[in-house]
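Colleague: Each chain, letter by letter, is given below.
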Amino acid sequence: KAGVTQTPRYLIKTRGQQVTLSCSPISGHRSVSWYQQTPGQGLQFLFEYFSETQRNKGNFPGRFSGRQFSNSRSEMNVSTLELGDSALYLCASSYSTGFEKLFFGSGTQLSVL
Amino acid sequence: SQQGEEDPQALSIQEGENATMNCSYKTSINNLQWYRQNSGRGLVHLILIRSNEREKHSGRLRVTLDTSKKSSSLLITASRAADTASYFCATDSNDYKLSFGAGTTVTVRA
Chain Z
129 KAGVTQTPRY LIKTRGQQVT LSCSPISGHR SVSWYQQTPG QGLQFLFEYF
179 SETQRNKGNF PGRFSGRQFS NSRSEMNVST LELGDSALYL CASSYSTGFE
229 KLFFGSGTQL SVL
Chain H
-6 SQQGEEDPQA LSIQEGENAT MNCSYKTSIN NLQWYRQNSG RGLVHLILIR
44 SNEREKHSGR LRVTLDTSKK SSSLLITASR AADTASYFCA TDSNDYKLSF
94 GAGTTVTVRA
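Residue numbers (the numbering used here), protein chains in the order written: chain Z, 129 to 241; chain H, -6 to 103.
Among the hints, a few may not be true.
Okay, the calculated bits of chain H under chain Z, using three or more residues with CB under 8 Å as the criterion [to be verified]:
#	region
1	4 to 17
2	55 to 62
3	69 to 75
4	85 to 91
Across the chosen pairs, the derived CB separations fall in these ranges [as the list claims (entries may be wrong)]:
#	chain 1	residue 1	chain 2	residue 2	range
5	Z	Q146	H	D0	20 to 26 Å
6	H	Q2	Z	N187	30 to 36 Å
7	Z	T135	H	A3	30 to 36 Å
8	H	S61	Z	K229	23 to 29 Å
9	H	S17	Z	N199	38 to 44 Å
10	H	K62	Z	T181	32 to 38 Å
Think of the hints as simulated: they come from the structure by calculation, not from any bench. No experiment lies behind these values; they were computed from the predicted model shown. Backbone N, C-alpha and C fix where the C-beta goes; we use that ideal spot for every residue, glycine too.
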C-alpha cells in the first residue's frame, strides 16, 4: 500500500501570497488531519476531516482553511501568508473514526519570505 | 497550546544504553501514543496504551501509563544509532484530534 503522499515537498512564497497544500491519504483511510510543526510551538493541530466533514479545528486564524474530497484527498489553503506561517505542514490519515494510529506524510516545508 | 510536556527535552546516550523519556498531560484521555520523527520527516507510530492499561511492551519499547498522575514514560532498551530521532507523546481525548507534547530529542552515540 502506498503511504500518505503530500505535495509539494518544498514551497517558497512571499508575504501576502496564498498557498494550497495537498494530501493523499492511504487508500481506504477516511480521516485526514493536518498539523503545523515549528521549532518554537511544536506540533499544533490545524483541522481534521472525516468523510468530507470537518470534525474539529485548531486555534488558527481564518486564513487557514481546508477541505476533503469524496475520494478522501484533502487540501489546506493559507491565504495572505505571514512570515510566521513558515513551518513544516504535516498531514496524517487513519482508517477508523478514532485516533488510534495515525499515518503521517513526509510533510510540506513552507518558507515565507 | 499543547496538551503534553515531555522531559527531558534532549537526551544523549551511548549505543547499547537504555533511554527513558517522560510525558505529562493535562486532561483525561482515551489513549496515549508515542511517535518517532527522524529529522524533517513525518512521524511514525510506535506504540499505543489505553487509559485502562498500565504497561505495554513492543520489541525494545516499554511504555507505562499512570492516569492518576497524568503521566507516561517510554523506555527504549539497548539503544542503537538508528534510534536517533525525536520522540513525541500524543493524547487522544475523544475530541477528534491528537494533542502532541513538545518532544524529546534522542541522540545515540556510537
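Colleague: Hint by hint, say whether it matches the structure.
Modeller: Checked hints:
no.	hint	verdict
1	4 to 17	violated (count 0)
2	55 to 62	violated (count 0)
3	69 to 75	violated (count 0)
4	85 to 91	holds (count 5)
5	Q146/Z x D0/H: 20 to 26 Å	violated (39 Å)
6	Q2/H x N187/Z: 30 to 36 Å	violated (23 Å)
7	T135/Z x A3/H: 30 to 36 Å	holds (32 Å)
8	S61/H x K229/Z: 23 to 29 Å	holds (26 Å)
9	S17/H x N199/Z: 38 to 44 Å	holds (40 Å)
10	K62/H x T181/Z: 32 to 38 Å	holds (36 Å)
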